[in-house]
Amino acid sequence: MDQPSHVDVLIIGAGISGIGAACRLTEDLPQKSYAVIEARDASGGTWDLFRYPGIRSDSDLHTLGYQFRPWTGENAIVDGPEVLEYIRDTAAEYGVDRKIRYGYCVTRATWNSEDALWTVEATPSGGGDAITMTCGWLFCASGYFRYDRGYQPHFEGQERFKGPIIHPQAWPEDLDYAGKKVVVIGSGATAVTLVPALAEQAAHVTMLQRSPTYIISVPRKDAVANLLNRLLPEGLASSITRRKNIWRQRFVFKLAKSRPELVKRFLRWSLKQQLPDDYEIDRHFAPDYDPWDQRLCAVPSGDLFKSLSRGDCSVVTDKIASFSEDGVELVGGETLEADIIVTATGLELLAFGGIEITVDGEQVELPERLTYKGAMLSGVPNFAFAMGNYNVSLTLKVGIVIDYICRVLGYMDRCGFEACVAVNPDPSQQTSPMLDFGAGYVNRSLHLFPRQGSIEHWEMSQDLARDQRELASEITADGALRFGRVAERSAATAA
Numbered sequence: 012m013d014q015p016s017h018v019d020v021l022i023i024g025a026g027i028s029g030i031g032a033a034c035r036l037t038e039d040l041p042q043k044s045y046a047v048i049e050a051r052d053a054s055g056g057t058w059d060l061f062r063y064p065g066i067r068s069d070s071d072l073h074t075l076g077y078q079f080r081p082w083t084g085e086n087a088i089v090d091g092p093e094v095l096e097y098i099r100d101t102a103a104e105y106g107v108d109r110k111i112r113y114g115y116c117v118t119r120a121t122w123n124s125e126d127a128l129w130t131v132e133a134t135p136s137g138g139g140d141a142i143t144m145t146c147g148w149l150f151c152a153s154g155y156f157r158y159d160r161g162y163q164p165h166f167e168g169q170e171r172f173k174g175p176i177i178h179p180q181a182w183p184e185d186l187d188y189a190g191k192k193v194v195v196i197g198s199g200a201t202a203v204t205l206v207p208a209l210a211e212q213a214a215h216v217t218m219l220q221r222s223p224t225y226i227i228s229v230p231r232k233d234a235v236a237n238l239l240n241r242l243l244p245e246g247l248a249s250s251i252t253r254r255k256n257i258w259r260q261r262f263v264f265k266l267a268k269s270r271p272e273l274v275k276r277f278l279r280w281s282l283k284q285q286l287p288d289d290y291e292i293d294r295h296f297a298p299d300y301d302p303w304d305q306r307l308c309a310v311p312s313g314d315l316f317k318s319l320s321r322g323d324c325s326v327v328t329d330k331i332a333s334f335s336e337d338g339v340e341l342v343g344g345e346t347l348e349a350d351i352i353v354t355a356t357g358l359e360l361l362a363f364g365g366i367e368i369t370v371d372g373e374q375v376e377l378p379e380r381l382t383y384k385g386a387m388l389s390g391v392p393n394f395a396f397a398m399g400n401y402n403v404s405l406t407l408k409v410g411i412v413i414d415y416i417c418r419v420l421g422y423m424d425r426c427g428f429e430a431c432v433a434v435n436p437d438p439s440q441q442t443s444p445m446l447d448f449g450a451g452y453v454n455r456s457l458h459l460f461p462r463q464g465s466i467e468h469w470e471m472s473q474d475l476a477r478d479q480r481e482l483a484s485e486i487t488a489d490g491a492l493r494f495g496r497v498a499e500r501s502a503a504t505a506a
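Taking my numbering as reference, the numbering of the sequence shown is continuous, increasing by one, and the terminal residue is 506.
It is worth saying that the hints were derived from the structure and are not from the lab.
Since the model is a prediction, treat every value here as computed from it, not as a measurement.
Please note that a few of the clues may not be correct.
Each computed BS3-like pair below joins lysine-lysine, with the alpha-carbon atoms no more than 25 Å apart [as the list claims (entries may be wrong)]:
| id | residue 1 | residue 2 |
| --- | --- | --- |
| 1 | Lys173 | Lys191 |
| 2 | Lys265 | Lys283 |
| 3 | Lys255 | Lys268 |
| 4 | Lys232 | Lys255 |
Simulated restraints, written as ranges between beta carbons of each label pair [what the hints assert, rightly or not]:
| id | residue 1 | residue 2 | range |
| --- | --- | --- | --- |
| 5 | Asn454 | Leu186 | 29 to 35 Å |
| 6 | Asp437 | Gly114 | 41 to 47 Å |
| 7 | Ser16 | Gly421 | 22 to 28 Å |
Heads up, the beta-carbon is just placed ideally off N, CA and C, and yes, glycines get one too.
Produce the complete structure using the sequences and hints provided.
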């Protein structure tokens, strides 16, 4: 495997975004050298990290997958191992797998304007001597959460519990839950995935939530997509399916924002069709916020509701008073017996992999920087990042960001530029958190991330159509990007 010390573009992270970026570089800018550096010992990112029972995508793979390599499988909602296989097959097909350097965690990136280069330091994940690489551009696709640990709040009396307490991010491969009573704490995407999967073998599974979450059943198979695949050429069928599903995702989000009461009624009606007549829907599935104020959880083919209807699992809505030797004691007085407790309590966010970024000797304080087109940071040259929208499949926004950065690189080559930086045109513009998203695990860490502005191109709009327009516009149209040449600076210094 080629291990260069300098590349034109260094991609941090070999997950779904990093692999996608490398593939686009291979296709769009074959003259550019690149490498992918990955802290873990395998590619796939999230899809290799999470190993808990039932792990799956809650977005259809027609839109979560790459536009340049359409998904044609029978199922639209697929299990984690199948997503991982798709990512790795894509990397192999485009030769990206030969450009990945595993087991190195990037700790520091230093920009020097004199030579228009990044110097990147990375330490071996297993210990040892650090390595140094240089690159012209840095593309951060490291995700938005810590890989080494999840968010684990302390519960009163947890040391008294005599069974294992498991966080899904560190699921033991040898955990035997067959015939056991399991309590899953949480009500987000991980919890609603885990509960029906565990219930297939456990004696009983209880999903313990402090407050409800909106949950909707989605078909595992896309009947229209499968019909189109039989009737039309692959490329045309995939294009129609992708557009259809993007439209549906955007329509549901916009409807939830414009007519929340209508969407609430629909979600409640849907639950009544799938749960027993006497089920307490309003207690367990009626949050006190509007749909899409937090992400809507999807369950494939109603698997959670089927499990609830059979009595294999149950939902309890209450607060935890304390753990006991044999389970969880609730504020309301009930005690939940448990042999195993699973804390599906969320992620611990981490901006840009925790990398220390320095520009010309000055450390970059991320909360003082603004995002530009959701792709770059103000005042940080030759740096781009991947961050998807929360209301559609993650890779939709990431894909158009990658295409945009490839266009910027092509423009710089044609014009002989070596440096590019986004400059905030109005330092007095109002700013707000980078993510306008109500989830607790997000709000806990927003102060560590860059912020968004309030004028065009400096907002994180969460509107895919708007993102597409902005990122497809003329590169120099708004004047925010400033370009430079090393030769010009050298001449100015000599003078």
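Check your understanding: Broken hints, numbered, in rising order?
Key -> Every hint satisfied by this model.
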